[in-house]
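Colleague: Single-letter residue listing:
There are 2 protein chains.
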Amino acid sequence: MSQTVPHVSGTALEAFITRSFVATGMPRADAHTAAGLITQADLMGQDGHGVFRLPMYINRIRAKGLNVRPRFRRLQNRTATALIDGDNGLGHLVMHHATLLAMEKAEKTGVAWVGARHSNHAGPASLYAMMPLKKDMIGLYIAVGSANHLPPWGGTEMLLSTNPIAVAVPAMNRPPIVLDMATTVAAYGKVKTVAQKGEMMPEGWMIDRNGAPLTDPSRAAEGFLLPIGGPKGYGLSLIFGILAGTLNGAAFGREVVDFNADSTSVTNTGHLILALDIKAFADPDTFRHGIDAVWEQMKSSPLLPGVDEIRLPGERLHRVTGERSANGIPLSAPLRAQLADLAKELEIDPL
Amino acid sequence: MSQTVPHVSGTALEAFITRSFVATGMPRADAHTAAGLITQADLMGQDGHGVFRLPMYINRIRAKGLNVRPRFRRLQNRTATALIDGDNGLGHLVMHHATLLAMEKAEKTGVAWVGARHSNHAGPASLYAMMPLKKDMIGLYIAVGSANHLPPWGGTEMLLSTNPIAVAVPAMNRPPIVLDMATTVAAYGKVKTVAQKGEMMPEGWMIDRNGAPLTDPSRAAEGFLLPIGGPKGYGLSLIFGILAGTLNGAAFGREVVDFNADSTSVTNTGHLILALDIKAFADPDTFRHGIDAVWEQMKSSPLLPGVDEIRLPGERLHRVTGERSANGIPLSAPLRAQLADLAKELEIDPL
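Protein chains in written order, with the working numbering: chain A, 3 to 353; chain B, 3 to 353.
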C-alpha cells in the first residue's frame, strides 16, 4: 500500500465531517448520520464520492441551496411502496431515511420500493444498496446523476447523466457481491478524481463534441461521457432516469441542475431504493452459501492470457474497506488543502 | 419494406403454432396462450426469439424434456412476492402466469416481485415487461439465459449467459419506452439469426478462446460473447443471474443446461418479473405525459455527424409491430422449410 499520501483514520474523518455540518446549522444527529455515510464511502475506496464532495455540500448549504433542517414527508404510501419528499435535504439523509423505510416495509411484504424527490447528491450508490444486507435483504438503488454528461445515443446535447445502479447481495463466508456502476464507461466522479491527481484519462471514457477522443480531464467540460455498450448504456441511463426521476416527480433531462456549477438552484434530485427480503424466496443461509458457491465458480474459471485473477463485483470494495479501516484513508494534498480551508471558513478544528 | 422474403400473417402464424403445440399434447388453451406470445415476438421484430425457436421447443417436448401439462405451484407467497415452480413447463406459460400474479399483487401493494424456477426459455424479455402496461404499471423482467456464452471478465470458461433485462414504461401519445437488452454486446439469438441468413457478424460481438475477434457465426461454438462495458456487463450478467437464478433455486453458472445442445435435461430456467403500479407514485396521465416529454426532449437533441435521428428504446419494436401487423411477418426460406418439416412430423396442416 502506497504511503506517499498522508492517511487519516475513519474516526477522525467522521468527526471532522460531523463538525463541519454542525457548523452549518445541521442538527447533530443528522450531521453524525451523514458523516458516517460519507466516511463509509471513503473507507470503501469510492474516492470520487466521499469527503472529496464535502466542500461542494458545504458550499451549497452556505449558498442556501440545501436545507440543513429538512422535514421529510411521505407524499404517497402503499403497503410496499412510498414516495418521499426530501425537502431539499442532503441526499445521504433522504436516502438513509428512504432505505430504512423500504427495509421496514419489505419485512412485512417481501419487497418494497421507495422513491424520493427533492433530494440531493447522496454519494456512492452502494451505500444504500448495502444497508439492507444486515437484515438478510438484497438492496437495489438507482439515482438520477447530479449533472448531465451524456447525450442520447447519436446526439450531442447532454440530456442524461451517469444514472448509476447498485445491487448488493449477501454471502456466507465470502464478502457480499456489490455491483455499483455508472451507465457510462466512466463515472464523472472518476473523471474528477483523475483531474485532481493531475493524470490523463484512457481513450473511451469521453469524446468531444466532434466525436474525437478526449483524454485530458481538465477539458472534461468540452465533451461528454460515453455509455456502456453504446445504445444499450444510453437505454439503461434513460430508463433509470425515468424510474428514479420522472416517476418520482424529480428532475430528469433538461431539468437536471449541474450541482457542480450551480450551488443555489434546488436540484430536485430523484433516487429509488428497493429492498427484497431473501426469506420471501429462500432460506437465507442456503442462499448465502449459494452466493459463496457463485464466488468459487467464477474464481475457478481458467484465465485469458495476461489476466492474473477473476474478480467479483464488490471484491475491491471489501478489500479496500479492510485496508482503510486498519491503516486509514489516503487523502491527496490538494484535497487536504481544501479541507483545511474549509475548517478555517467554518471556524472549526481542522482534520 | 423488402418483399424478397415471403410474409405470413400473424393470425396464420399463431394458428400454426397453436396446432403444433396441440399436436404434442398441450392443452388447447395453453397452446393458444403460448402461440399468442410467440407470434407477438415475431410481430415485434424479435426474430431470434419467435417462431424461429418453435422447432427447438417441439423437439424438447418430443424428447420428454419439457412438460406440456405442468402444474404451477406457489412455493413461497408473501403480500408482494411469490416464488413459482413452473413444473418444467414452457417458459412462456410460466412467465405469463407469474406476470399476471405480479400485476394482481402490485394492484394491492404498489409493487410486486415474482420469481420462477423450473421454467424454460420464454422468448423475448419485452413480452413480459410489456404485459403490465395495460394496467398503468411498469414492468421489469430479468432471466437467466438458456445457454452460457459469456465467461467472467478475464476468464475463458463460459459460466454466464446473456442474462437479459427488459423494462417497459407507458407513454400517452408516443409508443411505450421498452428497453430489452442482453448484457452482452449481441444476444446469442442475434448470432443465430445472422447464421441462418448466411451473414457475418461485426467485430466486437464475439471473441475466440485466444481473445481474437470471431465474425463467422457458424464458428460461434468456438468462442464466446463479449459483455457490454467489459467488467460492467459481466457484473450485470452476474447480478441478474443471481436474482433470477440463485434466489429462485433455479440454475445458474455451471448448472445452466444449453437448451440448444441438450433437449432432454430439465433446464430449471429462472426468471423474475416486477410490476410497479404507477398510481402508487403519480397520476398515471401526468406520468404518461411526462414520458411523452422525455421522447420530445431526446428527439430534439442536435445530432452527431452522420446520424439521421435519435431513437428511443422500443421505437423500432413499435414501428415493426405496426408494419408486420399490417403486412405480415417475413420468414426466411430455411425457416419456412424447417416449419414445413415440423408440420409433416406432427402431421398437422402446414403454415
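Be aware that one or more of the hints could be misleading.
As the list makes no split between identical chains, a pair holds if one copy fits it or if it spans any two.
[As the list claims (entries may be wrong)] Cross-link-like lysine to any residue pairs, in silico, SDA-like; alpha carbons within 20 Å at most:
hint : residue 1 : residue 2
1    : Lys-136   : His-291
2    : Lys-346   : Arg-321
3    : Lys-110   : Gln-78
4    : Lys-110   : Val-24
5    : Lys-137   : Gln-78
6    : Lys-136   : Pro-307
Derived from the structure by calculation, the hints contain no laboratory data.
Colleague: Is it within, between, both, or neither for Lys-136 and Pro-307, if the alpha carbons may be no more than 20 Å apart?
Modeller: Cα proximity of Lys-136 and Pro-307: none, with 39 Å in one copy and 50 Å across.
Colleague: Are the CA atoms of Lys-346 and Arg-321 at most 20 Å apart within a copy, between copies, both, or neither?
Modeller: neither (34 Å within a copy, 61 Å between copies)
Colleague: Give the relationship of Lys-137 and Gln-78 under a CA distance limit of 20 Å: within one copy only, between copies only, both, or neither.
Modeller: For Lys-137 and Gln-78, the Cα distance is within 20 Å only across copies (19 Å; inside one copy 25 Å).
Colleague: At most 20 Å between CA atoms: does that hold for Lys-136 and His-291 within a copy, between copies, both, or neither?
Modeller: Within one copy only: 16 Å inside, 40 Å across.
Colleague: Checking Lys-110 and Val-24: alpha-carbon separation at most 20 Å within a copy, between copies, both or neither?
Modeller: Close neither inside one copy (36 Å) nor across copies (42 Å); limit 20 Å.
Colleague: With identical chains treated as interchangeable, where does the CA-CA distance between Lys-110 and Gln-78 reach 20 Å or less: within a copy, between copies, both, or neither?
Modeller: Classified as both: same-chain Cα gap 18 Å, cross-chain 14 Å, threshold 20 Å.
Checked against the numbered hints given earlier, this structure breaks hints 2, 4 and 6; the rest are met.
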